[in-house]
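Each chain, letter by letter, is given below.
Number of protein chains: 2
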Amino acid sequence: MTTVEAFNHQNKKLAWGPQIDLSGLDYLYPPQNVKPYTPPPPGVDNLGISSTDSFLVPNVGEFTVNFEGYVRVARSQPTSNEWNTSDVFTNLIDMCMRGEESGIGEIIVTLNPDVLSTGQLRTPHADLACEKPSKACRMAVGALFKMPLLNLTLFNKEPIELTIDDVRMIPPAGNPGEGRIYQILPLFHRENPDGLPAAYLTSLQFRMGHYITEAKIQGILQG
Amino acid sequence: MTTVEAFNHQNKKLAWGPQIDLSGLDYLYPPQNVKPYTPPPPGVDNLGISSTDSFLVPNVGEFTVNFEGYVRVARSQPTSNEWNTSDVFTNLIDMCMRGEESGIGEIIVTLNPDVLSTGQLRTPHADLACEKPSKACRMAVGALFKMPLLNLTLFNKEPIELTIDDVRMIPPAGNPGEGRIYQILPLFHRENPDGLPAAYLTSLQFRMGHYITEAKIQGILQG
Numbered sequence: 023m024t025t026v027e028a029f030n031h032q033n034k035k036l037a038w039g040p041q042i043d044l045s046g047l048d049y050l051y052p053p054q055n056v057k058p059y060t061p062p063p064p065g066v067d068n069l070g071i072s073s074t075d076s077f078l079v080p081n082v083g084e085f086t087v088n089f090e091g092y093v094r095v096a097r098s099q100p101t102s103n104e105w106n107t108s109d110v111f112t113n114l115i116d117m118c119m120r121g122e123e124s125g126i127g128e129i130i131v132t133l134n135p136d137v138l139s140t141g142q143l144r145t146p147h148a149d150l151a152c153e154k155p156s157k158a159c160r161m162a163v164g165a166l167f168k169m170p171l172l173n174l175t176l177f178n179k180e181p182i183e184l185t186i187d188d189v190r191m192i193p194p195a196g197n198p199g200e201g202r203i204y205q206i207l208p209l210f211h212r213e214n215p216d217g218l219p220a221a222y223l224t225s226l227q228f229r230m231g232h233y234i235t236e237a238k239i240q241g242i243l244q245g
Numbered sequence: 023m024t025t026v027e028a029f030n031h032q033n034k035k036l037a038w039g040p041q042i043d044l045s046g047l048d049y050l051y052p053p054q055n056v057k058p059y060t061p062p063p064p065g066v067d068n069l070g071i072s073s074t075d076s077f078l079v080p081n082v083g084e085f086t087v088n089f090e091g092y093v094r095v096a097r098s099q100p101t102s103n104e105w106n107t108s109d110v111f112t113n114l115i116d117m118c119m120r121g122e123e124s125g126i127g128e129i130i131v132t133l134n135p136d137v138l139s140t141g142q143l144r145t146p147h148a149d150l151a152c153e154k155p156s157k158a159c160r161m162a163v164g165a166l167f168k169m170p171l172l173n174l175t176l177f178n179k180e181p182i183e184l185t186i187d188d189v190r191m192i193p194p195a196g197n198p199g200e201g202r203i204y205q206i207l208p209l210f211h212r213e214n215p216d217g218l219p220a221a222y223l224t225s226l227q228f229r230m231g232h233y234i235t236e237a238k239i240q241g242i243l244q245g
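Chains as they are written, first to last, in this note's numbering: chain A, 23 to 245; chain B, 23 to 245.
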């Protein structure tokens, strides 16, 4: 992320949650020593990610696409040094995932620059008194789905809610996660944003990867 | 709704879906003859609503509140005259619900005027070829939760997703519905919108009421 991009990040017009001050945060690459059940110092995690998303295009059909890519997640200073009661807030500050599907061609998923995608790791209320509770992770994401073959870019107006349960360390590398989509989440044409939905996201299953190098990230960006 | 309010409605900055042109739409009150499995002409439905919402306030606890009130829902021209393939888009243009809970006092839920709350009725893709399929209804809502006793107003940044299944007529008066909340939906202080979440909505069950009179609506508004 360039300084200009980081600056723009700090001046988003629409945010779904608290904005994290990126100044002074280290970008974290492998190897990292992540301690379980321990609130970590703040930083920016560079992680792999894979996702299987299903789309419904009215009058065309449903199709399912496997994606591979990376995310950069900025984490706040935990609200407490104690695992059970600490909240950690997150901003998804960069993402690129690539997938391909016959007939549709390549789909490139990136962050929507008009939205600040935000999240939170928190111990479920009912588990606060447990000895070593797992945390629950949630993030509200605004994405662009670029389809070069169709000369089309879709985006969501309601956030895509990504959740990871059973989080025993931060970041939850290797954990499976789910997009909490109830039947349909409308997607809109970027060039006709006020029009009717052009397609729908109907399901999303993902898996957080582990720390990856900047060279691998640049490889994903270049496709 | 006054002309000025309607004008403001047409100029929302943030919309979660398509905006409905309110000009020329009739406000519909009882009695109404609603035909099942029939795409209706556009209009504004004035309906009763009841809801049971649970809130989590960190370091205070969880509490559940029963609400009663009304909604005004603007409906678009259906995209087709045929029930199965028709989509109907909606805007929630007015809402007031009142509930009370010991310790917290009265809670008044109204629309967030900074957001256009939008929704859609649509036949699930898998049911398109059925003879008389039920439709699914979804709406993304931005609300204010005013708590006069605590001198506090909370609001949501991510939409509250309300869904109604098994819709056999439009509007789905009398149908039960659910807020699709996965564990927690953050709520923020209206006077500190960029701060950390002040509370969480943890569940929401509602029931659409039937057409109600303007006199009853005014009674709800006056409390």
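Take these hints with a grain of salt, some might be off.
As the list claims (entries may be wrong) - Derived Cβ-Cβ restraints for the label pairs, each shown as a range: (1) A:Val82 <-> B:Asn103: 16 to 24 Å; (2) B:Thr74 <-> A:Glu236: 15 to 23 Å; (3) B:Asp216 <-> A:Gly241: 44 to 52 Å; (4) B:Asp188 <-> A:Ala148: 27 to 35 Å; (5) B:Ser72 <-> A:Glu84: 31 to 39 Å.
What the hints assert, rightly or not - Pulled from the structure, derived: some chain A residues nowhere near chain B, Cβ distances all over 10 Å: (6) His147; (7) Pro170; (8) Asn197; (9) Gln227.
Quick caveat, the hints were computed from the structure, so don't treat them as lab data.
Virtual Cβ for every residue (Gly too), placed ideally from N, Cα, C.
| request: Could you let me know if the closest chain B CB is still more than 10 Å away from the CB of A:Pro170? | output: It holds; A:Pro170 is separated from chain B by about 26 Å at its closest Cβ, greater than 10 Å.
| request: Return holds or violated for the Cβ distance of B:Ser72 and A:Glu84 against the range 31 to 39 Å. | output: Since the Cβ atoms of B:Ser72 and A:Glu84 sit about 36 Å apart, the hinted range of 31 to 39 Å holds.
| message | Using Cβ atoms and 10 Å as the threshold, tell me whether A:His147 really stays out of contact range of chain B. | response | With a cut-off of 10 Å, A:His147 comes too close to chain B, as the shortest Cβ separation is near 6 Å.
| said: Verify the CB-CB distance for A:Val82 and B:Asn103 against the hinted window 16 to 24 Å. | reply: Holds, at about 22 Å.
| request: Could you say whether the range 27 to 35 Å given as a hint is met by the Cβ separation of B:Asp188 and A:Ala148? | output: 31 Å, holds
| said: Quick check for students: does the CB of A:Gln227 sit more than 10 Å from each CB in chain B? | reply: 14 Å, holds
| message | Just to be sure I understand the hint, the distance between the Cβ atoms of B:Asp216 and A:Gly241 should be within 44 to 52 Å; is that true here? | response | With a Cβ separation near 36 Å, B:Asp216 and A:Gly241 fall outside 44 to 52 Å, so the hint is violated.
| said: Within 15 to 23 Å: is that where the Cβ-Cβ distance between B:Thr74 and A:Glu236 falls? | reply: Violated, since B:Thr74 and A:Glu236 (Cβ atoms, about 50 Å apart) do not stay within the stated range.
| task | Measuring Cβ to Cβ, find out whether A:Asn197 lies farther than 10 Å from everything in chain B. | result | Non-interface label stands for A:Asn197: nearest chain B Cβ at 16 Å, farther than 10 Å.
Checked against the numbered hints above, the structure breaks hints 2, 3, 6 and satisfies the rest.
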